[in-house]
Each structure stands twice: as C-alpha cells, then as structure tokens.
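Participant: Start from the sequences and build out the full structure, keeping to the hints where you can.
Here is what each chain is made of, one letter per residue.
There are 2 protein chains.
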Amino acid sequence: MDSKILNLKSKLEIYKAAMADGANFSDCPVRDVIRGINGKWSPLLVMALAEKPYRFGELRRLVPDISQRMLTQTLLELQRDGYVHREVFPTKPPSVEYSLTDLGRSMFDPLYQLVQWAELNHDAVSAARAAFDATQA
Amino acid sequence: MDSKILNLKSKLEIYKAAMADGANFSDCPVRDVIRGINGKWSPLLVMALAEKPYRFGELRRLVPDISQRMLTQTLLELQRDGYVHREVFPTKPPSVEYSLTDLGRSMFDPLYQLVQWAELNHDAVSAARAAFDATQA
DNA sequence: GTTATTGGTCTCAAAAAGAGACCAGCACTA
DNA sequence: TAGTGCTGGTCTCTTTTTGAGACCAATAAC
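Chains as they are written, first to last, in the working numbering: chain A, 1 to 137; chain B, 1001 to 1137.
One should not assume that every hint holds.
Simulated coverage check for chain B against chain A, where a stretch passes if three residues somewhere in it have a Cβ under 8 angstroms from a Cβ of chain A [what the hints assert, rightly or not]:
#1 1039-1048
#2 1092-1099
#3 1110-1123
#4 1127-1135
The list that follows gives simulated cross-link-like pairs (lysine-lysine, DSSO-like), each with its CA atoms no further than 30 angstroms apart [stated by the list, open to error]:
#5 B:Lys1052 x A:Lys40
#6 A:Lys52 x B:Lys1040
#7 B:Lys1040 x B:Lys1052
#8 A:Lys92 x A:Lys52
#9 B:Lys1052 x B:Lys1092
#10 B:Lys1092 x A:Lys40
#11 A:Lys40 x A:Lys52
Since the hints were derived computationally from the structure, they do not count as laboratory data. C-beta: ideal position from N, C-alpha, C; glycine also.
Facilitator: Here is the structure:
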C-alpha cells in the first residue's frame, strides 16, 4: 500500500510539471484536450468507432438515446479535434461513413483503461450512492 | 500496426461483453459510472485530491475558474459516488477537508493514463483544430 | 465596532442539451 | 404519376445545466 502511494506521488510530480509554473490548474493545456473528449457522448462514440467505421444512421441506432442534433454536433467536434474522419459516398441517397483516425485510435488504450475500471467498480459506486442517499432521506 | 489492431479488437470483445445482449449502448452500466466522472470538473478535482487532501477554499484557489456553486455541487456528487470523503473540523470558523477514498484513489491510475495521453497529444489536437478551422473559413 | 474568514446557499442570466418538425434528392411501388 | 421511404442532416422551441455574484451566520482579530 505504501509503495502504491509513493508511486502515485511520483506520477503526480510529472502531472504537475505538465502544468504552468504558477501551479494553478486553470491554464493547463491538458484540460483543453480532456474537455474535448469528456462530453456526454464523445467517449461512447469513440468506443463505438474503435470497433469499426459506422454510418450516421448506424450510430444513431447503436446509441438510441442520443438526439440527431447531438450526434451531428459531437461527430463534428470529434472531427475537428482530429479523432474522426468523415467520408461521403456518392450513393443515392448519399451515405456518410465515420471512422477513427490514427490519433483517434491512439486514444483507445487509455480510454479503455477507464472503461475497464468503470466496469470493475460500478457495483461499488452503486453501493456508495445507495448508502449516501439513505443518509439524506 | 496489424498486431495493434488485433489487440484492440480483442479488447473490444470484452467491452461488448460488458454490455447488454441487445448490443446497444443505452443501458450499459459502464456509462452510468463514466458519466459520474466525466463532468467538466470531476476529473480535475480527483487529480487534485490525489495529491493530498484539500480544504474547500484551497480547492477554490487551486482551480480559479470554477464557481463556488459548481465546486460545492461537484464535490457532493463525488462524495455520493464514494470517491471523496468530507470531514468537518470544529475550528472557528469550521473548516472542511476533502480527501479521496480508497475507491477514489483506485481511479487515479486509469485517469492518469488519460491525462498522460492528453499531454502527449495536445499538439496534434491543436494542429487538427487549426487545420479544420482553416477549411471552414 | 468594523472587517475578514470560513463554507456554503439562493437567485437570476446565459449556455448547452433534448425533442421533434422539416427538407432535398432519389428509388421504388402502386 | 402520385405516394412512400430512405439518406443525413438543419431549424426551432423547451428544458436542463452552468456560471456570476449577492448573501449568510458565527467568530476572531484589530
């Protein structure tokens, strides 16, 4: 346990070094990147596209609770940040395929770590929520 | 590169297995957990508290662009999900210390992976954004 | 008595997200 | 030939979330 904490501390040294010298978090360049991938739908779409390219309508069916408006908008943001490639095929009617770029694929590993952690701990989180809500009642 | 893709695919098998059989993403338990930590401020606060416990006012100064309202609210959510412990000390005026629980600490590793990735790739993202915006002008 | 500090809450304005109607262009069908 | 459906969107309206900032009680220091 102690060694784990030390390890954690040494990692934080690196993390803090990545920030501005003033050591406040507001102009940390990492935040800018994280913000682009921590929208409500972005990680989900990246995970989906990591499997294979999908067309607009396919993504819509895969994630039924996203509105068409947010799907368009999130895909545009992912495209702007260089994670997703958009290609229009001249079929009738035209179909549009979305796929991950190399940059997008490079995000999969760390993102998947987080997903794995979430899967491993979602029981603990549910329990914590239930316990907390019980005290508030 | 090919082996990387294969590795990615095998990981996705696991990911999909974690979902409901219908293979649509809307009732994936992982989403519920991810949602709790992908707010605008949550990952930042977890990273900060990973270093050491902080008091309310200290966090406010550390993250100058968070409003007091959102700091209160985000800390409450993190507490509810079992990531953060809140302790009131009977000083005058009372001071409140926030620290990570074991569950919160267990999140650090995967979260830090993502931060590291973000740091490594923020130049590429900036470049992609600039290139994209140039075509839209 | 005045001022500052603590960790909040409350209210109101602004921004973001969700719901759903609408659209053009073509193919297929009746 | 008129109707229907599919494509990937956009537009508008409503609801939710966030941000900005005033306010608060209790106490200590000046």
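Participant: Look at each hint and say if it fits the structure.
Facilitator: A quick look at each hint next to the structure:
Residues of the stretch 1039-1048 of chain B lying with their CB closer than 8 angstroms to a CB of chain A number 6, which satisfies the three-residue condition for coverage. Remark: the stretch 1092-1099 of chain B is not confirmed as covered by chain A, as 0 of its residues place a Cβ nearer than 8 angstroms to a Cβ of that chain, below the required three. Three residues within the 8 angstroms Cβ limit are the bar, and the stretch 1110-1123 of chain B against chain A gives 12, so the coverage statement holds. Restraint check on the stretch 1127-1135 of chain B versus chain A: 6 residues with Cβ-Cβ distances below 8 angstroms, three needed, restraint holds.
With a C-alpha separation of about 28 angstroms, the suggested pairing of Lys1052 (chain B) with Lys40 (chain A) holds against the 30 angstroms cut-off. Distance restraint check for Lys52 (chain A) and Lys1040 (chain B): the Cα-Cα separation of roughly 28 angstroms lies within the 30 angstroms cut-off, and the hinted pair is therefore satisfied. The suggested pairing of Lys1040 (chain B) with Lys1052 (chain B) holds, with an alpha-carbon distance near 21 angstroms, which does not exceed 30 angstroms. With a CA separation close to 23 angstroms, the supplied pair Lys92 (chain A) and Lys52 (chain A) stays within the 30 angstroms bound.
Proposed proximity of Lys1052 (chain B) and Lys1092 (chain B) is supported: the alpha carbons are some 23 angstroms apart, at most 30 angstroms. With a C-alpha separation of about 41 angstroms, the suggested pair Lys1092 (chain B) and Lys40 (chain A) falls outside the 30 angstroms cut-off, and the hint is violated. For the proposed pair Lys40 (chain A) and Lys52 (chain A), the alpha carbon gap of about 21 angstroms is at most 30 angstroms, so the pair holds.
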